[in-house]
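Asks: Throw the hints in and build the complete structure from the sequences for me.
Residue numbers 1 to 493, in the UniProt record's numbering, belong to the letters of the sequence shown in order.
Quick caveat, the hints were computed from the structure, so don't treat them as lab data.
Small disclaimer: the values here were computed from a predicted structure and weren't measured.
Beta carbons: idealized from backbone N, C-alpha and C, even for Gly.
Possibly wrong hints are sitting among the right ones.
Claimed, not checked - Once the Cα atoms are required to be at most 27 Å apart in a straight line, the calculated DSS-like pairs of lysine-lysine come out as:
{"id": "1", "residue 1": "Lys338", "residue 2": "Lys255"}
{"id": "2", "residue 1": "Lys255", "residue 2": "Lys219"}
{"id": "3", "residue 1": "Lys91", "residue 2": "Lys180"}
What the hints assert, rightly or not - Computed spacing ranges between beta-carbons, pair by pair:
{"id": "4", "residue 1": "Thr417", "residue 2": "Asp177", "range": "52 to 60 Å"}
{"id": "5", "residue 1": "Glu369", "residue 2": "Gln421", "range": "29 to 37 Å"}
{"id": "6", "residue 1": "Arg182", "residue 2": "Ser81", "range": "36 to 44 Å"}
{"id": "7", "residue 1": "Arg197", "residue 2": "Gln78", "range": "32 to 40 Å"}
{"id": "8", "residue 1": "Phe238", "residue 2": "Gly433", "range": "36 to 44 Å"}
{"id": "9", "residue 1": "Ser367", "residue 2": "Ser83", "range": "19 to 27 Å"}
{"id": "10", "residue 1": "Gly243", "residue 2": "Leu210", "range": "50 to 58 Å"}
{"id": "11", "residue 1": "Asn329", "residue 2": "Thr265", "range": "51 to 59 Å"}
{"id": "12", "residue 1": "Arg182", "residue 2": "Tyr434", "range": "51 to 59 Å"}
{"id": "13", "residue 1": "Thr265", "residue 2": "Gly365", "range": "30 to 38 Å"}
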Amino acid sequence: MQSLSQLGPSEIFLVARRDQPSTRAQLWFTGRLSFRQVTNGVRLKNRVEFSPRPVPPNLIAAEKEEAKAVLTLFFKKQGLSNSLSSRLINKSDQFIDHLVSRLHSVHKARYLVGRELTTLEIRDSLEPYLEQLHEEHGNLLSDLVVSYPDPPAEPRPLASSPVPVLQPRGDPDSAADSRKIRAVSRVSELDQEGALRPQTLYLLDLGLNLEEIKTITRKFAAFPYYSLDGKIKPVVEFLLDLGIPKSDIPTILCKRPQICGISLTDNLKPTMVFLETLGIDKTRWAKIISRFPAILTYSRQKLTSTVDFLTQAGLTEEQIGKILTRCPNIMSYSVEDKLRPTMEYFRSLNVDVAVLLHRCPQTFGLSIESNLKPVTEFFLENGYSLDEIGIMISRYGALYTFSLKENLMPKWDYFQTMDYQNSELVKFPQFFGYSLRERIKPRYELVKRSGVRLLLNQVLSLSGVEFEKLVKKKMMKLVSVNNIAEQSSGDLL
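Replies: The following block contains the structure:
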């Protein structure tokens with residue numbers, strides 16, 4: 001007798017019985033079972049027996065939401081749009097049940113002792129299985145998910161037009177809306193004594209209000225089903241022990257409620273240790289998690305792939321550690337879709353990518369088409385060469401992070417009224433980082449009234465006290481020069 005943990009979708013043979021038109025298509029298996037026994041007429045040569053202890057309904061509901069999240073992400077990785085992925089998920093209830101049943105079989109030892117699966121464990125269990133299904137069924141996987149437990153429709157002949165991805169019928173939003181409504185209503189659900197659920201009361205005590213909890217639930221429907229003592233409270237107490245202020249906990253939960261679904265001993269703590277080996281400053285965990293809690297929810301593979309990219313870009317281990325500490329959200333950027341294309345773009349401008357990454361890693365989260373190219377074109381149109389633009393971005397990594405319309409253009413227009421050559425911006429591109437109203441205008445106007453001449457970086461980079469001292473010194477020198485000139489002129493007369 002074999003358990004479901006030993007099964008592979010490549011060993012499944014689907015045969016649609018067409019000799020019984022009045023019945024649903026039947027699933028036939030050769031020796032092994034991978035799909036649920038749902039439809040009538042399923043024939044099994046070897047029946048798999050699995051009788052775990054009953055799983056609480058609230059846990060099953062939470063696991064269904066987790067399975068939907070994994071399946072949605074998988075569809076997006078295959079190139080499906082958000083709206084299409086959502087429509088497919090809304091029609092996949094029986095397939096979601098199948099995924100949850102598979103979890104219970106693969107991890108039956110965990111369920112027998114009453115231990116819940118973490119978010120990462122669910123993802124790590126289901127993703128390989130979905131990959132195997134995709135290898136076997138290809139583009140028909142979306143059809144299979146919707147038609148399950150029936151087999152997907154046979155593909156059309158090659159001579160016909162390409163087979164479009166199945167568009168589910170019916171109202172695509174009604175199923176998702178009903179699930180969200182049920183989850184949100186659970187937040188304000190009262191017990192027989194008229195009190196809110198313990199999970200809700202605990203979250204209120206942390207500083208969240210009911211509307212914030214409902215907002216979290218609308219984004220992540222599994223959240224209200226998390227066990228208070230088994231998941232939420234241990235994670236929150238751990239965060240508090242790290243030195244995170246209680247006032248920051250609501251923000252962290254709003255940013256990444258999935259963090260409460262992660263096992264402290266099996267996932268969260270080992271992930272932190274792994275990140276420390278990559279150079280993250282362990283004394284700054286409180287700030288890192290407050291800034292970007294999602295870093296603790298990523299798989300080891302994703303973390304490693306990002307670090308490998310940074311190494312290939314020319315960064316040292318020490319520099320990588322500083323980047324991850326200062327800008328942990330760089331881990332959220334896709335290596336192939338975001339980081340690598342951005343690296344190639346800046347290399348085309350002769351920019352030292354390693355230096356730019358170290359100085360301003362946030363630049364690599366920008367869109368090439370929407371953010372980077374328009375800024376480059378702006379400077380080209382105003383007479384700068386590609387080499388000069390490359391020098392500017394190398395000297396001031398944050399240059400491309402500014403809004404073109406709200407920052408660069410207004411400051412450029414004012415710069416044209418200043419008595420400086422355009423080449424000054426190549427020497428001092430940090431000009432664009434200062435406030436036009438609070439720094440650039442008042443200081444330049446003071447310099448102009450004083451009649452002195454200062455370098456652009458002297459006007460802006462000095463502190464207020466040092467700037468005033470320099471202006472006075474220049475004025476005294478100018479007065480002295482004028483007095484000498486007047487005296488010389490009088491002697492000649």
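Asks: All the hints need checking, so say for each whether the structure fits it.
Replies: Now for the hints, and whether the structure bears them out:
1. Lys338 <-> Lys255: 22 Å, holds
2. Lys255 <-> Lys219: 10 Å, holds
3. Lys91 <-> Lys180: It holds: about 15 Å lies between the C-alpha atoms, which stays within 27 Å.
4. Thr417 <-> Asp177: 52 to 60 Å: 56 Å, holds
5. Glu369 <-> Gln421: 29 to 37 Å: Holds - the Cβ-Cβ distance for Glu369 and Gln421, about 32 Å, lies within 29 to 37 Å.
6. Arg182 <-> Ser81: 36 to 44 Å: For Ser81 against Arg182, whose Cβ atoms are near 26 Å apart, the range 36 to 44 Å is violated.
7. Arg197 <-> Gln78: 32 to 40 Å: With a Cβ separation near 38 Å, Arg197 and Gln78 satisfy 32 to 40 Å, so the hint holds.
8. Phe238 <-> Gly433: 36 to 44 Å: 38 Å, holds
9. Ser367 <-> Ser83: 19 to 27 Å: 20 Å, holds
10. Gly243 <-> Leu210: 50 to 58 Å: At roughly 28 Å between Cβ atoms, Leu210 and Gly243 fall outside 50 to 58 Å, so the hint is violated.
11. Asn329 <-> Thr265: 51 to 59 Å: 26 Å, violated
12. Arg182 <-> Tyr434: 51 to 59 Å: The hinted range 51 to 59 Å holds for Arg182 and Tyr434, with Cβ atoms some 52 Å apart.
13. Thr265 <-> Gly365: 30 to 38 Å: 32 Å, holds
In the structure shown, a violation is registered for the earlier hints numbered 6, 10 and 11, in ascending order.
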